[in-house]
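There are 2 protein chains.
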Amino acid sequence: MTDSPLESVRARYRLAVGAEAAAARAEALRYEQTVELPPEAVSDPFVEKEILPRVEALGPAAGGGFELVLAYPPGVARAEPASLLGVLFGNCSLQDDVSLTAVELPEPVCRGLGGPRLGSAGLRRLAGVPEGPLTCTALKPVGLAPDALAELCAVFARAGIHVVKDDNGLADHPFCPFAERVRACQAAVERVARETGRRTLYAPNVTGSPAAVARQIDLAGALGVRAVILEPMLVGLPLLHELARGERELALLAHPSFAGAPRIAPEVLLGTLFRACGADAVIFPHAGGRFARFDLATCRRLGDALVGPTGGLRPALPVPGGGMEVERVEELLRFYGPDVMLLVGGSLYRAGAALGERTRRFVDDVRRAAQRLAREAS
Amino acid sequence: MTDSPLESVRARYRLAVGAEAAAARAEALRYEQTVELPPEAVSDPFVEKEILPRVEALGPAAGGGFELVLAYPPGVARAEPASLLGVLFGNCSLQDDVSLTAVELPEPVCRGLGGPRLGSAGLRRLAGVPEGPLTCTALKPVGLAPDALAELCAVFARAGIHVVKDDNGLADHPFCPFAERVRACQAAVERVARETGRRTLYAPNVTGSPAAVARQIDLAGALGVRAVILEPMLVGLPLLHELARGERELALLAHPSFAGAPRIAPEVLLGTLFRACGADAVIFPHAGGRFARFDLATCRRLGDALVGPTGGLRPALPVPGGGMEVERVEELLRFYGPDVMLLVGGSLYRAGAALGERTRRFVDDVRRAAQRLAREAS
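Residue numbers (my numbering), protein chains in the order written: chain B, -19 to 358; chain C, -19 to 358.
To be clear, the hints were calculated from the coordinates, so they are not data collected in a lab. Possibly wrong hints are sitting among the right ones.
Intra- or inter-copy, both count: the list cannot distinguish identical chains.
Here are the simulated SDA-like pairs of lysine to any residue, each with C-alpha atoms no more than 20 Å apart in a straight line [claimed, not checked]:
no., residue 1, residue 2
1, 29, 125
2, 29, 128
3, 29, 153
4, 29, 7
5, 29, 155
6, 29, 8
7, 29, 12
8, 29, -13
9, 29, 51
Whole structure, please, built from the sequences with the hints as guidance.
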């Protein structure tokens, strides 16, 4: 095993320290994230060469503090989500002076993790939308019974929404059991497909223990469901990965609940790592909604992390949402381009009895704006 | 389903807002954590009563900002780790103005989650230490081969350490496969037990996907292993819970890697939630080590959250560590009392060739200090 620079996982950290402490802090972090020993207690040459990360750069950061780039040898930074996340930010998540601002995964690690199984293209195939922006909304609120949610599902499907997902709060509740909900909602999109000839992709929310999620996925699959949404930071990033590498071909939409991670840049966790671990699409708040941390620059980096070239990984579809208003359709398409899925929830629900009409207008607006922008570009 | 106050999950949040914005921010959080809809879009009476949390208190917080107590009805805050964590802090983990400072789980939720299966008492039984403080150390560094780790394991076992755990960085590496490591280390503690008549409890680190963890646990169990260490925030809190409720009786030691959660008080995540989800012992950094966030007041609350009366849950054993020096034994025992396991790693390894001797002194120091404190108290 050779620590070729091409095979190292590179991580950039921001250290909230002054110049006098920076070198020592960088040195401490090298040991903290791998061997967890004082330097004088490490003598094994394999450990020094194949385990301890190298300091590739250390210098003052724009905006204060110091910027550190560590290159983790392939011996320690492996293509396995739990272990990789632990090496990158496990112990130092408990140290408030360290932030993780960028991660670069080399090709062997990307290949090992595998990334999106379907990716944007596969999700488009399942949704029957070969090109142009997709539209998405959520079934909510938690508390409604399966029939009520299925009725909403039918309204959205008739209005031409491409993907209808469960809200992330929908679990296997006694008042809305997973099996009944999924049966009713999947039946609703199929009924509408027979009426209109256009099939909306329904994505139920799977959550709970690994065994519960496996049961939910089996059940949903048996009912003809081809996509699910899940919250990797609640159920565990390794479970996302296990599902992506599993036997069942299923589009995996990742939701950012609990992903406001300890001082990890959103584009690293929701972008690089969610994609590398197998998310086919990633939902995240776009700038200007209810989530201030997601400014335009962050959203740009996040979008790029999902679709840019990364070690041969398939692109994952960016799904900006988080309180987007239907009036912002054109702005969003200008920002992300046509390879995007626009998620709008509350802005539709606010229409009350006019939900179907407002949804249809949203779908039309997206189509027209995309055509307009395509003409502009050509 | 009645929302009796006795059945609500109570969560206390700190809102980083001024007086003029506090009421609106509290109201927005009620909706964000449950229905994710604008208030005007929520009309269902069941949702209003059984899903939306009630504001139980809202007032200025000591130290600035506002303190909010929400009571989540049993309809939405359930005895399931992923869903419960999502309700308590899922979406708002992405909102930097909200911190979760306390959680109170009612008896039905505690009963539903089940808590530690063995708890302190069961772990003591497995370690053969009916009373008084336990001692613990870690096999490290990652990078050593199984034989080298097993040799360390034997040194620690001969020195009388009660529990030897794998370092949290030890995964299923090619240079140290899980199966070989566990076989060698378990054989080492059994060999020493035949020599000395005293059996050290060896706890391998299990990590990876849920399926990989299940395989590792089966393999370890077949080799006679009775305890494991795992990192719930890397592998997923629901996996900890699934293991605690599974068929195999196994002591579960929880490690805090990646648990420097987004603005959640350590005592809430590592204390209340790790215990409720089934950790028999919880490792955390004690004040004065390498983790500044853990001051004495935090450690006191964390210790209390692990052992105090909580809805009938068995106590979990506090395992302070994180850079403790052997010289601090008495201080630690004064702080936590005798129902504790002291974890010391680097401070032993620094002894180099004198590792066994220094470990024996550590074990003796703990025993003598405990006797001294017991005499003082009587």
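Quick rundown of the hints versus the structure:
Proximity of residue 29 to residue 125 under the C-alpha cut-off of 20 Å is restricted to the inter-copy arrangement: shortest distance 15 Å between copies versus 58 Å within a copy. In this assembly of identical chains, the alpha carbons of residue 29 and residue 128 lie at most 20 Å apart only when taken from different copies (17 Å versus 60 Å within one copy). In this assembly of identical chains, residue 29 and residue 153 lie within 20 Å of each other by CA distance solely across copies; the values are 15 Å between and 51 Å within a copy. Proximity of residue 29 to residue 7 under the C-alpha cut-off of 20 Å is restricted to the intra-copy arrangement: shortest distance 15 Å within a copy versus 54 Å between copies.
Only between protomers do residue 29 and residue 155 lie at most 20 Å apart by alpha-carbon distance; the minimum there is 13 Å, versus 56 Å within a single protomer. In this assembly of identical chains, the alpha carbons of residue 29 and residue 8 lie at most 20 Å apart only when taken from the same copy (17 Å versus 51 Å across copies). For the identical chains of this complex, residue 29 and residue 12 are intra-copy neighbours only, at 16 Å inside a copy versus 48 Å across copies, given an alpha-carbon limit of 20 Å. In this assembly of identical chains, the alpha carbons of residue 29 and residue -13 lie at most 20 Å apart only when taken from the same copy (13 Å versus 55 Å across copies).
Proximity of residue 29 and residue 51 under a CA criterion of 20 Å is satisfied intra-copy only: 11 Å inside one chain copy versus 53 Å between copies.
Hint check: no violations occur; every hint is consistent with the structure.
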